[in-house]
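Chemist: Here is what each chain is made of, one letter per residue.
Protein chains: 2
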Amino acid sequence: MTTFEDPAKVSPAEARALFRQGAANPTAGWSAGFTQTNLIAVPRDWAYDVLLFCQRNPRPCPILDVSDPGDPTTILAPGADLRSDLPQYRVWENGTLAGEVSDVSGLWRTDLVAFSIGCSFTFETALAAAGIPLRHVDQGRNVAMYLTNRACRPAGRLHGPLVVSMRQIPADRVAEAVAISGTMPAVHGSPVHIGAPEELGIADLAKPDFGDPVDAEPGDVPVFWACGVTPQAALMASRPAFAITHAPGYMFVSDKRDDEYRAG
Amino acid sequence: MTTFEDPAKVSPAEARALFRQGAANPTAGWSAGFTQTNLIAVPRDWAYDVLLFCQRNPRPCPILDVSDPGDPTTILAPGADLRSDLPQYRVWENGTLAGEVSDVSGLWRTDLVAFSIGCSFTFETALAAAGIPLRHVDQGRNVAMYLTNRACRPAGRLHGPLVVSMRQIPADRVAEAVAISGTMPAVHGSPVHIGAPEELGIADLAKPDFGDPVDAEPGDVPVFWACGVTPQAALMASRPAFAITHAPGYMFVSDKRDDEYRAG
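Keeping their order, the protein sequence lines are chains V and S.
For the first sequence, the numbering used here puts the final residue at 249, and the numbers step up evenly by one.
For the second sequence, the numbering used here puts the final residue at 249, and the numbers step up evenly by one.
Bound conformation, chain V alone (with noise of 0.2 Å):
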């Protein structure tokens, strides 16, 4: 990872220029007021399923693109290369993560399709701008996601939990925070829950299964949005032969303001 000087300043053109020459950092914080996505590349054979699964699921899967198949650009940022200007990218196996890389340019086909799918990082710069504290951000971490018990309702082949994202947010400021991130419905939404982890089927807030554990000030509430990362999970439950996606947190910087995602 390399440090930057102040990130949120960074222009999506140049962040995408950073990560295509290989720096790897999450992206939590990044050209702030610019849209980021999760990505989710599948077969063609499989195209249909992840479709139908987004729509089915449309708080942890809003598609904010779907490239034609082996097209590896996107409206959301012309010029850009989903190949090569992410952070990160997770390469699936039937399933199972068969590693990290920082390019994807020698294993894409020409039968992938591309999804784009909106992130709560768009909404936490409303959060920043109405005072809201963003702890992974001041803590320099990801943040923090896990699996819950919650299933999404399965497409086709495709089934798995439902993943969510968790931010600490002062007992005084979740109203606003439900309020300001429900005015997003294309990126996640107001929360699916807030507060007792437990009813989740997460039993230490320490230990996510994505991203960095984040700690806690006194007086916060954990509050949990449904998560970009829930169709990494339903790969993982549903075993494609074959699949690329972002690493969770280092995601696609879109030319995008998150000011487009705005309901009404």
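These aren't lab readings, by the way, just hints derived from the structure by calculation.
Computed from a predicted model, the values in this text were never measured in an experiment.
Heads up, a few of these hints could be off.
[What the hints assert, rightly or not] To list a few chain V residues with every Cβ distance to chain S over 10 Å, as calculated:
(1) D53
(2) L61
(3) N79
(4) D88
(5) S90
(6) W93
(7) H178
(8) A181
(9) G186
(10) M221
[Said to hold, decoys possible] Simulated DEER-style distance windows between Cβ atoms:
(11) R142(S) <-> G180(V): 46 to 54 Å
(12) V76(V) <-> A181(S): 28 to 36 Å
(13) A114(S) <-> E161(V): 26 to 34 Å
(14) G180(V) <-> N134(S): 33 to 41 Å
(15) T168(S) <-> I60(V): 21 to 29 Å
(16) N134(S) <-> A188(V): 57 to 65 Å
Note that CB positions come from ideal geometry on N, CA and C, so glycine has one too.
With chain V fixed as given, assemble chain S onto it according to the hints.
Modeler: Just chain S, lined up with the frame of chain V:
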């Protein structure tokens, strides 16, 4: 067409039973407060194209449910049968209208995937509640729908023009109609065009491409919303071997309440 005293008060289950028994009525104004949907059913081989077309064109094609192949049921109305419970269907062969029938049970196939798409009748309840007149309902007619000169974003083999529904709205209520429909992005949202029909390539409002002509009152302005008949226009342009749709204006009356599709 059978005449009913007050179709607004007929429950969704009663409406579906009447249509199942053969009543073939346009459903504008029926079962007030309950969501009506457009139907498009295509073979599994075309389902990915339709699903992606809807994802890429969410204003005209907001998906509320997708069935599994061959399954004629929907989560929008448990116990309903999509093969018989709409008042009128269209059967398509190679993009050409092969016929209109009131029941498609004998034509259903085990590979058909049924898409239920949001309908502008949903926000009509909210418009009426605000005292905004619905001319087509008052005149006992189907809503007027038009092909436009705007192309949808293509998806695979599917391409075609945007179809709009038109409502004549008093000039001093247009802003309110925009605001009210804008709270319901899952059912077409705010208008795509207000006034100036010629800019959409509509030469004569008195000659709609689907539905009935609707008379304006003095001071009315034509307001255009993206319409769920758009996928039918794509079928006509893209010519899959087989498809079944609702007849324009003869919708599926679901058990979902319109309020469920309000954002936020």
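Chemist: The structure should be examined with respect to each hint, and the outcome stated for every one.
Modeler: Cross-check of the supplied hints:
1. Separation of D53(V) from chain S is inadequate, the least Cβ-Cβ distance of about 8 Å not exceeding the 10 Å criterion.
2. For L61(V), the requirement that its beta carbon stay farther than 10 Å from each beta carbon of chain S is met, with the minimum near 13 Å.
3. N79(V), annotated as away from the interface, keeps every beta carbon of chain S farther than 10 Å; the closest lies near 23 Å.
4. No Cβ of chain S comes within 10 Å of the Cβ of D88(V); the nearest lies about 27 Å off, and the non-interface call holds.
5. The non-interface label for S90(V) is consistent with chain S: the shortest C-beta to C-beta separation is roughly 25 Å, beyond 10 Å.
6. Every Cβ of chain S is farther than 10 Å from the Cβ of W93(V); the closest lies at roughly 20 Å, confirming the non-interface assignment.
7. No Cβ of chain S comes within 10 Å of the Cβ of H178(V); the nearest lies about 18 Å off, and the non-interface call holds.
8. Separation of A181(V) from chain S is adequate, the least Cβ-Cβ distance of about 24 Å exceeding the 10 Å criterion.
9. Every beta carbon of chain S lies more than 10 Å from that of G186(V), the smallest distance being close to 25 Å; the non-interface claim holds.
10. No beta-carbon of chain S is positioned within 10 Å of the beta-carbon of M221(V); the least distance is around 23 Å.
11. Between R142(S) and G180(V) the CB atoms are about 49 Å apart, so this pair conforms to the stated range of 46 to 54 Å.
12. Hint check: V76(V) to A181(S), Cβ distance near 52 Å, so the stated range 28 to 36 Å is violated.
13. A114(S) and E161(V) have their C-beta atoms about 30 Å apart, which keeps the hinted 26 to 34 Å range intact.
14. With their beta carbons about 53 Å apart, G180(V) and N134(S) fall outside the hinted range of 33 to 41 Å.
15. For the pair T168(S) and I60(V), the beta carbons lie near 27 Å from each other, so the given range of 21 to 29 Å is met.
16. Against the hinted window of 57 to 65 Å, the Cβ-Cβ separation of N134(S) and A188(V) comes to about 59 Å, which satisfies the hint.
Hint check: violations occur at hints 1, 12 and 14; the rest are consistent with the structure.
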